[in-house]
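Student: Please model the complete structure; the sequences and the hints are all you need to start from.
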Amino acid sequence: MSMTQRLSDFAFWVADTDLSIFLTDVPWAFPTFETVHVISLCLVFGSIMIVDLRLLGLASTARPAGEVIQATLPMTWIGFAGAATSGAVLFCANPIGYSENFYFLGKLALLALAGANMVFFHLFVQRQLADQHAWMPRISGGISLALWTVIVGFGRWIGFTL
Amino acid sequence: MVNDWLTHFADWLGTTGLTGLVAGTFWIVPALQTLHILAVAVVLVGTLFINLRIIGVLERGQSVDAVVDRFMKPVMMALLVLAFSGGLLVAAEPTRALFRSLFWIKLGLIVLATLLTLSHRAVTVTVNAAKTAQPIKPMRKAAALLSLMLWIGVISAGRWIAYVEAWQGAPS
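Residue numbers (our numbering), protein chains in the order written: chain W, 1 to 162; chain Z, 1001 to 1172.
Worth flagging that the hints you see were computed from the coordinates, not collected in a lab.
Some clues are possibly wrong.
[What the hints assert, rightly or not] So these bits of chain Z aren't anywhere near chain W, every CB distance computed over 10 Å:
#1 Ile1105
#2 Arg1121
#3 Val1123
[What the hints assert, rightly or not] Beta-carbon label-pair distances, calculated as ranges:
#4 W/Trp77 <-> Z/Met1149: 16 to 26 Å
#5 Z/Ile1161 <-> W/Asp25: 15 to 25 Å
#6 W/Arg6 <-> Z/Pro1138: 52 to 62 Å
#7 Z/Ala1166 <-> W/Thr4: 37 to 47 Å
#8 Z/Val1057 <-> W/Arg6: 40 to 50 Å
#9 Z/Ile1136 <-> W/Ser2: 55 to 65 Å
#10 W/Trp28 <-> Z/Trp1104: 15 to 25 Å
#11 Z/Ser1172 <-> W/Arg6: 35 to 45 Å
#12 Z/Ala1142 <-> W/Thr85: 22 to 32 Å
#13 W/Glu67 <-> Z/Trp1104: 22 to 32 Å
#14 Z/Phe1009 <-> W/Phe160: 20 to 30 Å
#15 Z/Met1139 <-> W/Val119: 42 to 52 Å
C-beta: ideal position from N, C-alpha, C; glycine also.
Tutor: See the structure below:
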C-alpha cells in the first residue's frame, strides 16, 4: 500500500471519530484549540529565536550559549507539547482536507527537518560552544531560525489553501 | 453614530488602493499574518521572561534589571512591527476587524499590558536610584502576573476576532 493511500485511509478513519464530530459540531471548539495552538507556537518560536540569535552571536552575547540554552529550553518544550497536542486536535477537525494540503504536508516535513537539526546540534555541535570561533553553532542557529520561520509561514498558509 | 463614522473610515481605507492591491495579490495577507505572529512570539516570550523573573520563576540567577534590559527593547520593537502589520491587515480588509467589539477590547488590553510592562522599567530605575538591593514587593509580583495574563488575553482576542459576530448594520 502506498504512503498516500495509507494517509488517506487514516484521514477517513479520523473523520469518523467522536473528536472529529465534536470539532465540526461545536462552534467554539475549533477557535479555542486554535488559540492554544497560537500561544504554544509563539512560545516555541520565541524561545528558539533566543537560542538561535545567541548561536549566531547576535543577542544575549554577555552570557555563555550553554547557559542561555539551559534557561530557555523548558519554555520551548512546554510550548512544543502544547503546539503538538493542539495541532493534532485541529487536524481532527478536517483530516481529509489537511492530509491533501501541500502546506500541511510540507509543514510536517519541515518539522522533521527542524527536529533532525536539533538532534544534530545536541550530538555534534553543542560541544563546540566553548570555542568562540567555531562556525558550526552559527550555521546550526541560522538553519534553525530559517526553518522555524518557514514552518510558521506554512502553518498560516494552510488556513488560506484548504 | 460610531457605526457611521467607522463605515466612512472603512470606505476611505477601501479607496486608498491598499485593499485593491491585497485583493489582487494572494500572498500579501498570509505574509502579513505570518509577520504578525512572529512579532507576537517576540512580545509573548520577552514579557514572559520579564514577568516570570519578577515573580521568581525564571532566571533567578540574573538580576531583574538584567532581564528587563535584555528583553524590553526587542518587545518594544516587536510592538512597532505589530502596529505596522496590524494596521496593514485592517487596511487590507477594512470591514473585518473595525466593526467587532473584540477588536477594540483587544486594543484596550494592548494599551494596559504595554503600560504595565513599561512600569517594570520605571520601578527598576527607581530601585537603582536608591542604590540598595530591595526585595521584590508583592504588589509588583501581582502586576507582573496581571501583565502576563493581559498579554495572553490580547493573543486570544486576536484569534477570536475572526469568529465573533460583527455589529448590527455593519458593512459586510
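Student: Each hint should be assessed against the structure and marked as holding or not.
Tutor: Here's how the hints hold up against the structure:
no., hint, in the structure
1, Ile1105, "holds (15 Å)"
2, Arg1121, "holds (19 Å)"
3, Val1123, "holds (22 Å)"
4, W/Trp77 <-> Z/Met1149: 16 to 26 Å, "holds (22 Å)"
5, Z/Ile1161 <-> W/Asp25: 15 to 25 Å, "holds (23 Å)"
6, W/Arg6 <-> Z/Pro1138: 52 to 62 Å, "holds (57 Å)"
7, Z/Ala1166 <-> W/Thr4: 37 to 47 Å, "holds (41 Å)"
8, Z/Val1057 <-> W/Arg6: 40 to 50 Å, "holds (44 Å)"
9, Z/Ile1136 <-> W/Ser2: 55 to 65 Å, "holds (60 Å)"
10, W/Trp28 <-> Z/Trp1104: 15 to 25 Å, "holds (21 Å)"
11, Z/Ser1172 <-> W/Arg6: 35 to 45 Å, "holds (43 Å)"
12, Z/Ala1142 <-> W/Thr85: 22 to 32 Å, "holds (30 Å)"
13, W/Glu67 <-> Z/Trp1104: 22 to 32 Å, "violated (43 Å)"
14, Z/Phe1009 <-> W/Phe160: 20 to 30 Å, "holds (26 Å)"
15, Z/Met1139 <-> W/Val119: 42 to 52 Å, "holds (45 Å)"
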